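Trainee: Those protein sequences? They're chains A and B, same order as listed. With the first letter of the first sequence counted as 1, position 380 gets the number 380 in this note's numbering; the numbers rise by one all the way through. With the first letter of the second sequence counted as 1, position 116 gets the number 116 in this note's numbering; the numbers rise by one all the way through.
You can take every hint at face value.
DSSO-like mimics (lysine-lysine), calculated; alpha carbons at most 30 Å apart, straight line:
id, chain 1, residue 1, chain 2, residue 2
1, B, Lys-141, A, Lys-209
2, B, Lys-135, A, Lys-209
3, A, Lys-267, A, Lys-209
Simulated from the structure, these hints should not be mistaken for laboratory data. Predicted, not measured: the structure shown is a model, and the values here were computed from it.
Residues per chain are reported as follows:
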Amino acid sequence: MKKFLIFLFVSSFIFGADAKLTIEKGGDARKSIAIIEANDSLGGSKGDTLYSILLADMKVSGHFLPSKEKIQGDFHSTVIPANLKSYQYILKYKLTTEAGLSLYVALYNASNGSAIFQKSYNMNSQSKYPFLAHKAISDINDALNLESIEWINRYVIFSRYTEPRKSEIVLADYTFNYQKTIIKGGLNLFPKWGDKDQKSFYYTSFSGKLPTLYRLNIYNGKKDAIATSAGMLVCSDVSKNGEKILATMAPEGQPDIYEIDVMSGAKKRITNFGGIDVGGRYVDDESRIVFVSNRLGYANIFKQSINGSSVVPVVNRGKNNNQCDAFGGKIVYASRETSSASSGNTFNLYLANSNGGNIYPLTASGENQYPRFSTNGKVVLFVKNSRDGSQIGYINLETKQSELFSLGGKKVQSIDW
Amino acid sequence: MKKNLILSITVLVLLGGCAQKAPNLSGNVSDATGFNGESVSTADGNGISSPNGAMIDGRYNSSSDGFQSIYFSFGAYNVESDMYSYIAKNAENIENIGGSQIKIEGNCDEFGTDEYNYALGLKRAKAVKEALVSKGISADKFVLVSLGESSPVCNEPTEICYSRNRRVDLRVSR
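One chain only, chain A, in its complex shape (with noise of 0.2 Å):
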């Protein structure tokens, strides 16, 4: 206690000082930054691990370029050691078990220390831990009038085996330093955020005769039945207001893209192919849809109205692109660029504008499938495949940096954010 009051004085103090600060419009030059950890900062595996999530927030922003080794001082000191004062900023932290856990976080201008964000975060719940440091460094993102980052405070869902016809749906941070399995036992797959606030989300249960999707709230665990269908049903994407969703479904057997209005039930049936549609996407103001189909007879890439029946390719190279997501007026999609049947193949990424045109590489090796935009459509998330289990990625579309973390030995099935 007495401990914050101090703090609070040196804050009223530095904050009180004649700040002089020039933002850098755009963001497109990353800021150089020196992080400090308050000598007094908690310790151990907690500390550290918070340690290289910040410097992990900071790289994927791609708005900063963070100092490579941990440094150490005096959290309340207002004076800027002179070999740091090449940086732009100086970010000091510290980390308390104080009512809970608790990260105070300060902000200041290398070149003359004067103060340009100041805050502490709490929290009860000392397992969600990374989400201090990720709503942190959002902020100070923020502070610095930087294109938001705001993506890096959401949860990451997603579905991973355990055993043959067995699964488990887990809660997790984007580092997966945070992690809470959500649903275990039985076979429960193709989890979908449900709505903006991430407060439901939609998978599919095995658990009965017929696949079922059903709808959890996270928070106070009411589930809903939406859909049942023959075959296989998932939920592919959600309308902005939640009110809609595309599901693919196959009620006689044959696999086709339906839009659910979750409120009535009702079920319209947008694609009607004898081969396959999956992976249905709102693009165009969700007047239409990109999907996956193997209508030319390999998978690929179509567009299609909701309204319409005509179906035009969307990508013209690649055969056999199976899985994409669409952002606004972009697509990003997975194409298999090799076809062993007896050993792992290669899965490259791209990033389109929706119409097919400018396509761009993202990867050049591996298995990398899953992609998923952030939800300003700045940052793709994948998943890196291997026979030793799964890796997750991102990829920041404007400064084309990339960050990986270990996922462990599991396999991920689905994966949304």
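Starting from the known structure of chain A, arrange chain B on it as the hints suggest.
Mentor: Positioned in the frame of chain A, the structure of chain B alone reads:
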């Protein structure tokens, strides 16, 4: 709670009196919203029994109730000619079983990708159903489900193993 409130007010009062040019300094208080909501944890389903698969009469089989699994080529969902005799045998078995519904489960190797792989498994199940219907079995007799790559009978990184996973299993629906 009361302590936090006092601290928050103290922070606001102290900072409110500080003139400065730095951006976004409002709300410089303990920010717990969104952190402390605990998500639920639940169980859904006890799992479906996993087929082991066994070598019978020189062929692998992971179906039950007298049925024979049908195998497929890489990426394909057409019933190939070397499987016709097993389709005929399965049709006979259905006649012998009588009124029970038959579950047809489509499966894939691990090389496919999420939704597409499940659709591929479903197309395999549908192809087997249609082959059985062509033998005179009523289409109402069947329940189709795709298990995608979730139900492998073999996990070795060999072609023989992968080919055992590209299959359709049949069993009485219970």
